[in-house]
Structure formats: C-alpha cells, structure tokens
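In the order they appear, the protein sequences are chains A and B. In this text, residue positions in the first sequence follow numbering that gives the first Met the number 0: the first is 0, and each later residue adds one. In this text, residue positions in the second sequence follow numbering that gives the first Met the number 0: the first is 0, and each later residue adds one.
Rather than coming from a laboratory, the hints here were simulated on the basis of the structure. It cannot be assumed that every hint is accurate.
Far from chain B, some chain A residues (derived; all Cβ distances over 10 Å) [as the list claims (entries may be wrong)]: (1) Ala50; (2) Ser415; (3) Ala434; (4) Glu474.
If you want the footprint, here are the derived chain B segments under chain A, 3+ residues with CB under 8 Å [as the list claims (entries may be wrong)]: (5) 28 to 41; (6) 58 to 69; (7) 73 to 85.
Across the chosen pairs, the derived CB separations fall in these ranges [as the list claims (entries may be wrong)]: (8) Arg287(A) / Asn17(B): 29 to 37 Å; (9) Ile38(B) / Arg19(A): 47 to 55 Å; (10) Lys1(B) / Asp390(A): 49 to 57 Å; (11) Lys471(A) / Arg41(B): 33 to 41 Å.
Keep in mind the model is a prediction, meaning the values are calculated, not measured. Every residue, glycine too, gets a C-beta built ideally from N, C-alpha and C.
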Amino acid sequence: MYRYDDYDQHMVDTRVEEFRDQARRRIEGSLTEDQFKPLRLMNGLYLQLHAYMLRVAIPYGTLNSRQMTALGDIADRYDRGYGHFTTRQNIQYNWIKLEDAADILSDLSQVEMHAIQTSGNCIRNISSDHFAGAAHDEIVDPRPYAELLRQWSSFHPEFTYLPRKFKIAVIASEKDRAAMRLHDIGIRILRGENGDLGARFYVGGGMGRTPMIAPMIRDFVPLDQLVTYAEACLRVYNRHGRRDNKYKARIKILVHELGAEEYTRQVEEEFAHLLEVGVEPPFAELERIRGFFTDPPFEDGPRTVDRSDPDFALWVDRNTHRHKHDSYVSAVISLKPVGGIPGDATGEQMRILAKLAKRFSFDEARVTHTQNVVLPHVRIADLHDLWTELDAADLAAPNLDTIEDIIACPGLDYCSLANARSIPLAQRISRRFDASGKTRRLGELKLKISGCINACGHHHAGHIGILGVDRKGVENYQLSLGGSEAEDVSLAKITGPGFTEDGVIEAVDKVTDVYLEHRTGEERFIDTYRRVGMGVFKEALYD
Amino acid sequence: MKILTGNDLKTGAVVWWNGENWSAHVDDAVDVGEHGEEIMAREEALRRVNVPYIISAERTADGVRPAHIKDRVRALGPTVRPDLTLKPRDAQSLDWVI
C-alpha cells in the first residue's frame with residue numbers, strides 16, 4: 000500500500016500544527032465561531048448533535064495494522080471507546096473535545112493518516128472497490144489510480160472552494176462494489192480495443208435529495224491523460240455549478256440542466272485546452288505509485304476447507320469472496336452483529352482486527368462502503384483459525400449481503416441534520432429477521448436506511464430503502480423498493496404513504512413475504528421486484 | 000417556556016442555560032422569556048458557550064422537556080447507547096425522548 004514520502008509527511012504535519020494554532024486561537028477567543036468553522040471543517044471536525052465529531056479519511060478504504068491500531072487507540076484515548084465506519088470508507092468519532100482535536104490529528108499523522116478534505120466543498124476521500132488488488136474479476140488494481148487522484152486533489156488550489164462537495168470512486172472490474180455511478184465522478188479502469196488500459200468516465204451521479212445515476216461521458220481516456228480529463232470535468236463544474244442555491248449546487252444538477260451532451264462538449268473543449276497546457280503528472284509518478292501496490296508473496300496451498308463445522312461453513316459461504324489466487328480468499332468481517340449498531344467498532348475490536356490483518360492478510364485491511372471490514376488476502380488454509388478468532392471477538396456474523404447486513408447512517412441519534420433515527424430500525428429489523436430464521440431464505444437482500452434526505456444511508460440504492468422524515472415532530476418512515484448501487488444500478492421507488500417506526504418494520508416483513516411468494520428458483524429480491532413490479536408489493540402494504 | 004441550549008466550546012458537550020451558568024442537565028434549564036437573544040450574545044462573547052440557540056420546552060412532572068425530538072435526543076444522549084446517556088439505567092428514558 001502507499002506510504003508517505005517526506006513531502007507527504009511534511010504537508011500533513013504542517014497542517015496539524017496549523018490547526019493546533021487555529022484551535023488555540025478559537026479557545027482563547029481571537030477567532031469567532033464564524034471564522035473558525037470553515038477552518039475546523041477543512042480538518043474534518045464537525046459540531047454534531049452531542050459533541051464535536053471528527054471524520055478521518057481512509058483513502059480508498061485501505062489500512063495497515065498500525066493504522067487500524069491507531070484508530071482503536073484514538074477511540075479509547077479521546078472518544079468513548081468506539082468509532083463508526085461510514086458509507087464512504089471513512090471513520091467518525093462522535094465525542095471529540097476541541098482541546099484534543101490537534102493531538103488526535105497528530106496521532107493520525109504518525110501513522111500517515113489525516114482528516115483533511117473530509118468536509119467542505121472540496122474533493123473528498125477517493126473511494127474504491129474494497130476487494131481491489133485481490134478480486135478475481137478485476138482488470139487491474141484500481142488503487143494506484145485512486146492514489147494518483149488523491150494526490151492531485153489534495154490541496155488542489157483551484158478546487159478548494161467548489162460549488163459543493165465532490166466525491167470520486169474508482170473501480171476496475173465489471174462488478175461495481177463501490178456504488179461508482181452514484182458518485183460525482185465514477186471512473187472504471189478497463190482495457191481498450193488495443194489492449195491498453197484506460198479510464199471510462201461517468202459524471203453527475205449522486206444520492207441526496209435529487210438522486211441521479213451518472214451518465215457515461217467518455218468511453219475511454221488513455222491513462223496518461225487521466226488527471227487531465229478529471230481536471231477538465233472539475234473545471235467545467237467549477238465554472239458553471241450553481242453557487243446561488245446549495246440544493247442545486249452538486250454537479251449532477253449541472254449535468255442534468257446542461258444535458259450530458261452539452262456538458263461533455265464543454266469538458267472535451269476544456270480537455271483539449273488542458274492537453275496543450277500540460278497538467279498531467281509525469282507517467283513516472285504513476286509508475287512510482289504503482290510500485291506501492293504490488294502483490295504480496297502469495298503461496299500455493301489448499302483450495303478447500305473442512306466444512307464439518309456448520310457455523311464455520313455458513314460463514315465461509317456467506318462472508319468470503321473469490322480471490323485472484325486460488326489458494327486465497329477475501330474475508331469480510333461483518334460489523335453488523337444481530338441487534339448491533341451498523342459500522343460501529345470498539346477500540347478493542349479495532350485492535351483485534353489489526354492483529355488479524357497482520358497475522359492473516361499481509362498486514363492489510365479494508366473498510367467497505369457497506370460499513371464492514373475486509374481482510375483481502377487470507378489463505379484458505381488459515382480460514383478456520385481466522386473464523387475462530389473472529390467468533391471469540393463477536394465479529395463472525397455470517398450475514399454479508401443479507402437483510403441483516405444493513406447500511407444505516409448515524410441518524411437522529413448522532414447527526415444534527417437527521418430528521419429521524421436510523422440505527423434503532425436497523426437493530427430491530429436484524430433482531431426480527433434473525434429470530435424468525437427468515438434471513439437465510441431471503442438470500443441477497445440489501446436494506447439501506449437514511450435518517451434524512453441527504454441519504455448517507457444510501458436508501459435510494461437499497462433493494463429495500465427506508466428514509467426517515469419528520470412529520471410534525473414525529474418520526475415517520477418512507478419505504479422504497481428496487482434500488483441498486485451495483486453494476487445493475489437503479490434508483491428505488493417510494494411505495495406510498497410513510498409508516499411509523501413499528502409500521503415500517505412490519506412493512507419490511509410484508510415486502511419480504513411478497514418476495515418469497517413470487518420468486519422463482521434462486522431469484523434475488525431485486526430481480527423478482529424488477530420482474531413483477533411494484534403493484535403486488537403495494538397491494539400487500541396498503542390494501 | 001423558552002430555554003437556551005448550545006455546546007461547551009472546549010468539550011462540545013451539550014449544555015443548557017440555568018440562569019447563571021451552563022448546565023449539562025436539561026432539568027436545570029430556566030425560562031428565559033424574551034431575554035434569550037441578549038443572554039446568548041453575552042455568553043457567546045464570553046466564550047462560555049458555542050452556537051447557542053433558543054428552543055421551546057415545557058415543564059412537566061418529570062422535568063423540563065424540549066418540544067422537539069432532536070433536542071430531547073441532545074438532552075439525553077443517543078437512544079441506542081443507554082450506557083452513554085445522562086440517565087443511565089433509567090428504564091423510562093427512551094419513552095421520555097420519543
């Protein structure tokens with residue numbers, strides 16, 4: 000994985016000391032909150048419902064054990080013993096003191112991490128496939144390209160004050176495990192007709208109050224023009240994005256209002272101009288970055304496991320993913336125990352994950368946008384030992400991609416923007432389906448819950464989505480069906496009038512009953528929904 | 000009644016105006032009547048509170064109850080972590096919030 004050079008380290012260290020001075024001046028009173036707020040946000044420090052919240056970037060979700068250990072230590076030393084892994088491969092701490100914030104940033108800097116550009120109208124953490132570098136179906140490891148874009152976008156002077164925040168995802172397989180087309184820019188690395196690698200650009204996707212699927216605007220950009228094309232996309236947005244209305248300021252609105260064709264025309268014009276100017280970093284820099292993402296020394300070994308323990312066999316079937324080397328798998332560690340808080344991990348659990356990453360996965364872990372953790376390179380021969388350790392730490396829930404593997408934003412329990420609570424719904428639904436034994440019969444079913452229209456819980460992209468709203472001071476929940484964030488991307492449609500908290504849980508149960516009644520063979524929920532349509536579900540919910 | 004809430008500048012903790020100072024307990028909140036803006040301006044200038052605002056509340060037999068659920072969650076703590084709320088082990092605390 001990428002390691003900071005002296006320049007990177009100096010840049011982050013300097014920023015820590017700059018922020019230390021800013022925080023001191025705020026506490027002493029020479030900065031007002033209006034002056035300080037944009038400065039703290041540039042360093043990922045929000046003021047949330049209960050306290051300051053610090054959002055730490057995990058670039059393309061990749062961590063080593065030293066970094067994961069540091070995250071656990073920060074949870075214990077400065078917070079209340081836990082952290083929350085988010086839907087954009089970040090971690091958030093909910094109970095931070097302003098007087099500690101610079102020390103935390105300093106601790107992060109020691110392990111080559113930071114919280115820069117995790118807030119504000121700038122290019123945020125670049126996200127990617129959590130199986131990058133390990134997946135059997137990828138063309139190439141997408142992370143060097145994500146890292147190149149990370150370096151390009153960090154402190155980019157032209158893009159520090161964009162009309163609105165900007166999110167980029169990079170993948171390199173046909174399978175989309177990063178919700179790529181629901182980003183401001185989605186990039187898929189692929190091979191062109193002559194076998195050369197290039198990048199396909201999708202621009203103008205997003206969730207929030209106006210969900211949109213990004214249209215493709217360029218089929219193939221040669222890799223030695225990747226940054227230049229991204230710069231052209233950003234320049235057109237920066238020039239014409241709506242700064243007069245926060246709710247119309249995202250690039251998706253610009254692309255929609257201009258039309259994809261006209262936006263593309265302007266990008267191509269800017270691209271031609273930038274090619275003449277020469278903004279692309281030297282190809283040698285990409286080669287240097289690639290050098291950090293070479294394969295670990297894989298060894299041949301057993302390709303099967305002893306399935307005599309049914310609990311272990313279930314976990315293997317549910318929570319492992321095929322690796323590009325036949326003797327390895329990627330193991331997904333669910334942070335969704337029955338009745339648990341999706342994405343939360345204690346400091347101790349993080350340190351355990353760090354040790355397991357070191358012992359079983361070449362010192363590497365990944366954070367997923369689905370709020371789980373991946374050990375990307377686990378020898379099949381080691382799987383039982385790994386599972387035994389996970390089970391002892393309450394980290395072996397065999398529920399990946401099931402109705403219990405719920406994405407949920409922090410909701411009204413933590414977030415000042417939220418209108419309703421998300422987490423209690425996730426807890427109750429997972430308990431209910433676990434108790435009924437229905438989860439396994441349902442198979443793949445992605446349930447996503449947001450506590451407000453900003454959609455951090457990705458409800459638009461859930462096979463079943465739930466949106467919490469405020470109805471005259473009372474929590475109410477809209478149900479939607481048919482979303483997908485994968486390569487078969489689609490936006491969910493609202494079923495009808497909303498429900499109470501109890502009502503929406505009943506409604507989810509009814510929806511799954513309708514699915515079981517209508518599905519054929521092993522058909523997934525989303526495929527049954529697409530085949531039979533909304534009608535039968537609405538009938539069951541409202542008649 | 001109108002009460003004042005905000006966050007402690009250094010710790011970020013939720014606080015409530017008790018007539019003389021800022022308390023962590025919503026039950027200490029007092030009715031500020033028409034003086035909310037004046038108190039907020041003074042206290043913010045003294046850096047004794049950060050981002051204060053006025054909310055509606057009512058005094059009930061159980062104490063001061065903010066009108067909006069968001070402020071009740073602020074007053075108590077996350078409903079999903081009873082171990083972190085101000086009223087731990089209070090079986091009724093969730094009912095109070097919701």
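Going down the list of hints, with the structure as the test:
no. : hint                             : result
1   : Ala50                            : 4 Å, violated
2   : Ser415                           : 8 Å, violated
3   : Ala434                           : 19 Å, holds
4   : Glu474                           : 7 Å, violated
5   : 28 to 41                         : violated (count 0)
6   : 58 to 69                         : holds (count 4)
7   : 73 to 85                         : holds (count 7)
8   : Arg287(A) / Asn17(B): 29 to 37 Å : 60 Å, violated
9   : Ile38(B) / Arg19(A): 47 to 55 Å  : 32 Å, violated
10  : Lys1(B) / Asp390(A): 49 to 57 Å  : 53 Å, holds
11  : Lys471(A) / Arg41(B): 33 to 41 Å : 34 Å, holds
Checked against the numbered hints listed earlier, the structure breaks hints 1, 2, 4, 5, 8 and 9; every other hint is satisfied.
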